[in-house]
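Under the working numbering, the first residue of the sequence shown is numbered 1, with each subsequent residue one higher.
Since the hints were made in silico from the structure, they are not lab data. Check before you lean on any hint, since a few could be wrong.
[Unchecked claim] Taking lysine-lysine pairs in the BS3-like style, the calculated list, with each CA pair at most 25 Å apart, reads: (1) K208 with K162; (2) K340 with K37; (3) K90 with K37; (4) K294 with K162; (5) K31 with K356; (6) K21 with K37; (7) K208 with K198; (8) K117 with K37; (9) K208 with K220.
[Unchecked claim] Distance windows between CB atoms, simulated: (10) K21 with E206: 35 to 43 Å; (11) I317 with T44: 39 to 47 Å; (12) E71 with T12: 34 to 42 Å; (13) E71 with M299: 16 to 24 Å; (14) K294 with S218: 29 to 37 Å; (15) G80 with R304: 31 to 39 Å; (16) K101 with M299: 24 to 32 Å; (17) M132 with R159: 23 to 31 Å; (18) E278 with E224: 18 to 26 Å; (19) L307 with F124: 17 to 25 Å; (20) I327 with I27: 21 to 29 Å; (21) D232 with P130: 36 to 44 Å; (22) E39 with S343: 29 to 37 Å; (23) P30 with Q300: 29 to 37 Å.
Glycine included, every Cβ here is placed at the ideal spot set by N, Cα and C.
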Amino acid sequence: MCAPEQSADDGTVTNSKWVLKARPQGIFDPKKDVAFKTESISNTDLADDEMLVESFMLSGDAFIRTMMDEEAYHGALSLGDTLPAIGYGKVVAAGPKSCHKVGTVVSGMIGAQTYAKIKSGGAFRHITFPFMTPTASLGLMGLTTGLTAYTGVFYVSRRPRKGETVVVTGAAGAVGSVAAQLAKATGARVVGVAGGPKKCQYLVEELKLDGAIDYKNSEKTLEEQITATCPDGIDFIYDNVGGSILDRLLSKINSNGRVVICGAISQYSGNLNKGKVEGPSNYLKLAEVGAEMKGFNVMQYMARVPLALCGMFYYFIRGKVRMTEHIEVGIQSFPHALAKMFSGGSNGHIGKMLVKVRSNLPK
Numbered sequence: 001m002c003a004p005e006q007s008a009d010d011g012t013v014t015n016s017k018w019v020l021k022a023r024p025q026g027i028f029d030p031k032k033d034v035a036f037k038t039e040s041i042s043n044t045d046l047a048d049d050e051m052l053v054e055s056f057m058l059s060g061d062a063f064i065r066t067m068m069d070e071e072a073y074h075g076a077l078s079l080g081d082t083l084p085a086i087g088y089g090k091v092v093a094a095g096p097k098s099c100h101k102v103g104t105v106v107s108g109m110i111g112a113q114t115y116a117k118i119k120s121g122g123a124f125r126h127i128t129f130p131f132m133t134p135t136a137s138l139g140l141m142g143l144t145t146g147l148t149a150y151t152g153v154f155y156v157s158r159r160p161r162k163g164e165t166v167v168v169t170g171a172a173g174a175v176g177s178v179a180a181q182l183a184k185a186t187g188a189r190v191v192g193v194a195g196g197p198k199k200c201q202y203l204v205e206e207l208k209l210d211g212a213i214d215y216k217n218s219e220k221t222l223e224e225q226i227t228a229t230c231p232d233g234i235d236f237i238y239d240n241v242g243g244s245i246l247d248r249l250l251s252k253i254n255s256n257g258r259v260v261i262c263g264a265i266s267q268y269s270g271n272l273n274k275g276k277v278e279g280p281s282n283y284l285k286l287a288e289v290g291a292e293m294k295g296f297n298v299m300q301y302m303a304r305v306p307l308a309l310c311g312m313f314y315y316f317i318r319g320k321v322r323m324t325e326h327i328e329v330g331i332q333s334f335p336h337a338l339a340k341m342f343s344g345g346s347n348g349h350i351g352k353m354l355v356k357v358r359s360n361l362p363k
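Given these sequences and hints, build the entire structure.
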């Protein structure tokens with residue numbers, strides 16, 4: 001039951017936020033597609049079950065880009081809407097029927113803004129984990145990142161086995177890097193796909209993967225690199241990218257292989273619902289060798305989240321999995337952080353993209 005709540009001192013706060021200005025035409029342009037706005041929000045002008053949250057940290061996630069399209073895969077934003085973002089922050093004012101007290105740190109869909117007026121039932125108390133940073137709830141232990149990786153590796157299809165060859169696309173990103181480490185923890189042989197020598201070096205030297213494929217390599221084709229790194233074919237593909245990379249990997253899929261579709265970041269700059277998605281032409285290879293392909297959304301596996309949290313913590317404590325964070329500072333940096341997520345290659349980031357809105361983060 002929600003406890004009655006006190007309010008903060010009377011007054012107003014200035015909210016700085018990013019709103020959708022125009023539908024992206026292809027690649028997201030932080031200078032044209034969004035606009036920076038400020039507004040005054042009253043501490044006391046709250047509905048009974050509303051609260052005002054001061055943002056601390058925001059998560060950069062691929063779904064934000066898809067929501068900018070008119071017919072969006074994850075639900076469409078209207079022009080002028082605040083950009084969505086999962087994050088956490090402190091309750092600074094609350095209505096009498098709010099579920100959370102003033103001073104409580106909460107997590108939820110806060111949005112790309114410094115203050116968020118939201119329904120108290122739309123957020124939950126921010127969870128911290130032993131031996132982890134407070135940002136773990138957005139990264140390694142977060143629903144859109146670590147738990148998505150865990151679900152794809154262990155729940156969607158038959159999990160990788162010792163000695164099998166696993167290929168993870170987008171392996172230097174947040175979800176891909178965790179998925180690759182989890183697959184490695186099963187005893188499988190893991191190869192990561194990323195863009196540029198810096199990212200491929202990270203995969204092999206930092207994450208200790210068995211090989212890396214550089215789709216930006218101008219000297220060796222993808223086919224040549226796949227053959228070199230996967231001489232015995234591929235048993236399990238964890239795909240975050242789609243497009244031509246997935247198509248080439250399918251040509252090497254083994255008998256009884258599994259392909260898990262998590263996302264298709266290479267296709268997000270076109271409208272996913274207007275026939276502009278590049279589908280695999282090698283899909284008949286699945287029938288030829290008796291392999292399977294299955295897509296998923298982590299929301300379809302919510303009943304398994306408690307088990308996934310326990311499993312992830314187990315692998316973390318054993319030193320089998322970790323999260324590299326890329327942190328941009330200030331709400332002004334939010335759209336540029338998003339652009340980095342989709343730029344790929346040497347201009348892109350490694351690991352989890354976060355935007356630190358305030359310096360006084362909770363311990």
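Outcome of the hint check:
In summary, the hint linking K208 to K162 is supported, as the alpha carbons are separated by about 16 Å, within the 25 Å threshold. Using a Cα cut-off of 25 Å, the hinted pair K340 and K37 holds, with the two alpha carbons roughly 22 Å apart. Annotation: proposed proximity of K90 to K37 holds, straight-line Cα distance about 21 Å (limit 25 Å). With a CA separation close to 21 Å, the supplied pair K294 and K162 stays within the 25 Å bound.
A threshold of 25 Å between alpha carbons decides the hint, and for K31 with K356 the separation of about 20 Å falls inside it, so the pair holds. A threshold of 25 Å between alpha carbons decides the hint, and for K21 with K37 the separation of about 11 Å falls inside it, so the pair holds. At most 25 Å may separate the alpha-carbon atoms for a hinted pair to count; K208 and K198 meet this at roughly 14 Å. For the given pair, K117 sits about 15 Å from K37 by alpha-carbon distance, which is consistent with the 25 Å threshold.
The straight-line distance between the Cα atoms of K208 and K220 is roughly 22 Å, inside the 25 Å bound, and the hint therefore holds. At roughly 38 Å, the beta-carbon separation of K21 and E206 lies within the given 35 to 43 Å, and the hint holds. Between I317 and T44, the C-beta spacing of about 45 Å keeps the proposed range 39 to 47 Å intact. About 37 Å separates the C-beta atoms of E71 and T12, a value consistent with the hinted range of 34 to 42 Å.
Take E71 and M299: their Cβ atoms lie about 20 Å apart, and the range 16 to 24 Å holds. As the Cβ distance of K294 to S218 is approximately 34 Å, the hint placing it in 29 to 37 Å holds. Look at G80 against R304: about 37 Å separates their beta carbons, and that is inside 31 to 39 Å. For K101 and M299, the Cβ-Cβ distance of about 29 Å falls inside the hinted range of 24 to 32 Å, so the restraint holds.
Separation of M132 from R159 is about 24 Å and conforms to the stated range, judged on CB atoms against 23 to 31 Å. The hint said 18 to 26 Å for the Cβ distance between E278 and E224, and at roughly 21 Å that hint holds. Range check, L307 to F124: about 19 Å between beta-carbon atoms, so the 17 to 25 Å window is met. One distance hint, 21 to 29 Å for the beta-carbon pair I327 and I27, holds here, with the actual separation near 23 Å.
Under the hint 36 to 44 Å, the C-beta atoms of D232 and P130, about 40 Å apart, fit the expected range. Separation of E39 from S343 is about 30 Å and conforms to the stated range, judged on CB atoms against 29 to 37 Å. Taking the beta carbon of each, P30 and Q300 are about 32 Å apart, inside 29 to 37 Å as hinted.
Hint check: no violations occur; every hint is consistent with the structure.
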